[in-house]
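2 protein chains.
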Amino acid sequence: MTTGVRRRMGVDERRQQLIGVALDLFSRRAPDEVSIDEIASAAGISRPLVYHYFPGKLSLYEAALKRASEDLANRFAEPHEGPLGARLLRVMHRFFDFVDEHGPGFSALMRGGPAGGSSTTNALVDSVRQAAYDQILSHLRVEDPPARLELVVRSWISLAESTALIWLDGRRIPRAELEIQLVHDFAALTAVSAAHDEEMGALLRHMLRDEPADGPFGTLMNRLLALAF
Amino acid sequence: MTTGVRRRMGVDERRQQLIGVALDLFSRRAPDEVSIDEIASAAGISRPLVYHYFPGKLSLYEAALKRASEDLANRFAEPHEGPLGARLLRVMHRFFDFVDEHGPGFSALMRGGPAGGSSTTNALVDSVRQAAYDQILSHLRVEDPPARLELVVRSWISLAESTALIWLDGRRIPRAELEIQLVHDFAALTAVSAAHDEEMGALLRHMLRDEPADGPFGTLMNRLLALAF
Chain A
1 MTTGVRRRMG VDERRQQLIG VALDLFSRRA PDEVSIDEIA SAAGISRPLV
51 YHYFPGKLSL YEAALKRASE DLANRFAEPH EGPLGARLLR VMHRFFDFVD
101 EHGPGFSALM RGGPAGGSST TNALVDSVRQ AAYDQILSHL RVEDPPARLE
151 LVVRSWISLA ESTALIWLDG RRIPRAELEI QLVHDFAALT AVSAAHDEEM
201 GALLRHMLRD EPADGPFGTL MNRLLALAF
Chain B
1 MTTGVRRRMG VDERRQQLIG VALDLFSRRA PDEVSIDEIA SAAGISRPLV
51 YHYFPGKLSL YEAALKRASE DLANRFAEPH EGPLGARLLR VMHRFFDFVD
101 EHGPGFSALM RGGPAGGSST TNALVDSVRQ AAYDQILSHL RVEDPPARLE
151 LVVRSWISLA ESTALIWLDG RRIPRAELEI QLVHDFAALT AVSAAHDEEM
201 GALLRHMLRD EPADGPFGTL MNRLLALAF
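Chains A and B, in that order, are what the protein sequence lines are.
No gaps in the numbering here: position 98 of the first sequence is 98 in the UniProt record's numbering, and each next residue is one more.
No gaps in the numbering here: position 177 of the second sequence is 177 in the UniProt record's numbering, and each next residue is one more.
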């Protein structure tokens, strides 16, 4: 009966099923350690049938990565409502959910194993970074960012990536602490840039204008002032 | 006469010369665009003779990268004298010198082109990051870093990398501004971590204790206070 149901799958449905099975395996272990045999077995089909749908492991890996990239990019979408700090904190929470679900695969990809480094995988990683960048600019209501704002946002995105990678390596700091810390880091990097540039100063004031005293940005200010005095 | 001199080069001397020529070419253009023919021509020898010393372009690229890695790691070495902020600023200046000298090759490597991603290139990049990490800990006089300090230092190193990459893409911000800004970022990330953790608070106070008011850290504090009030 089960086999009968499997056999009736259409081409696209079967491809999607294989991508899902592969993504699950590539997420839970370093992709280099996952074999086509294992994917076939987890999908309940033969090895030749896998090759019927995907010419090789790399193409299946790229298809799985594409699905994961779209998933992650979607998690950056956040309604334009309420204070900025709280919005960013919700995004960070969903980002760490993703990193948590795809830990070993995320590490292997970002550390550039043999599966990484193809132009397709690089383009997918860049598309996620660009989606994160576009989302943040839209929340800041900036359409034509000055070079210093672009630098702050893009370098903060790389900080979020490296923070997640370091977290995965032993999970020695609670992830909730890192989520709020990254929101604070965003404010801190913007403040440093504002200390160098008038335009960034105006942007920082705009960013903090509607922040409540008990939001992430307000909390940081209070804690830093407590440290300083 | 010139040819005579060239012919008298020993094996190791010839290898070192080829590495130097290759590093120069791999630095000035994306390594994928540099051919063995070009390297042979720049070294004044035949293409087969290049292959006599290096089995292929990848092995020559890896040898060039090894030299560049050692060069960069050496630039992190800084005497343990004077205030910390000024030391870090001198290191950042030498880091940007390196990035400036090796721009296109540095970008291609860090963005993971086809030449990147081999286990040898990844190991070399990691060895430079580790050298930077060890240097910073030695300046902080910390031997057994808590997880939160390790996170701040390692994630700040990745911030320095991404800042340099963004700078190379158009050089729209003066590098001197980015050098001091990265020193400020280090203080800011440490301060954010200190806002979450007692031990990091103690470390931050220790770090700032001997800083002069006109040093990088003092300047940042004054500018931020001016922004806030």
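In case anyone wonders, no lab produced these hints; they're calculated from the structure.
It is possible that part of the hints are untrue.
The list cannot tell twin chains apart, which means a pair is met if one copy fits it or any two copies do.
List of simulated lysine to any residue pairs, SDA-like, C-alpha gap at most 25 Å [what the hints assert, rightly or not]:
| no. | residue 1 | residue 2 |
| --- | --- | --- |
| 1 | K57 | I36 |
| 2 | K57 | E150 |
| 3 | K66 | P83 |
| 4 | K66 | E198 |
| 5 | K66 | D210 |
| 6 | K57 | S118 |
| 7 | K57 | N122 |
| 8 | K66 | P55 |
| 9 | K66 | M9 |
| 10 | K66 | M110 |
| 11 | K57 | S162 |
How the hints compare with the structure:
1. Taking CA atoms no more than 25 Å apart as the test, K57 paired with I36 passes inside one copy only; the shortest distance there is 6 Å, against 31 Å between copies.
2. Neither within a single protomer nor between protomers do K57 and E150 lie at most 25 Å apart by alpha-carbon distance, with minima of 36 Å and 36 Å respectively.
3. For the identical chains of this complex, K66 and P83 are neighbours neither inside a copy (32 Å) nor across copies (48 Å), given an alpha-carbon limit of 25 Å.
4. With identical chains, the CA atoms of K66 and E198 are never at most 25 Å apart, being 40 Å at best within one copy and 42 Å at best between copies.
5. In this assembly of identical chains, K66 and D210 lie within 25 Å of each other by CA distance neither inside one copy nor across copies; the values are 37 Å within and 51 Å between.
6. For the identical chains of this complex, K57 and S118 are neighbours both inside a copy (13 Å) and across copies (18 Å), given an alpha-carbon limit of 25 Å.
7. In this homomeric assembly, K57 and N122 come within 25 Å of each other (Cα to Cα) both inside a single copy, at 17 Å, and across copies, at 22 Å.
8. Proximity of K66 and P55 under a CA criterion of 25 Å is satisfied intra-copy only: 16 Å inside one chain copy versus 36 Å between copies.
9. In this assembly of identical chains, K66 and M9 lie within 25 Å of each other by CA distance solely inside one copy; the values are 22 Å within and 52 Å between copies.
10. Taking the shortest alpha-carbon separations for K66 and M110, both the intra-copy value of 15 Å and the inter-copy value of 22 Å come in at or below 25 Å.
11. Taking the shortest alpha-carbon separations for K57 and S162, neither the intra-copy value of 27 Å nor the inter-copy value of 31 Å comes in at or below 25 Å.
This entry does not satisfy hints 2, 3, 4, 5 and 11, going by the numbered hints stated previously.
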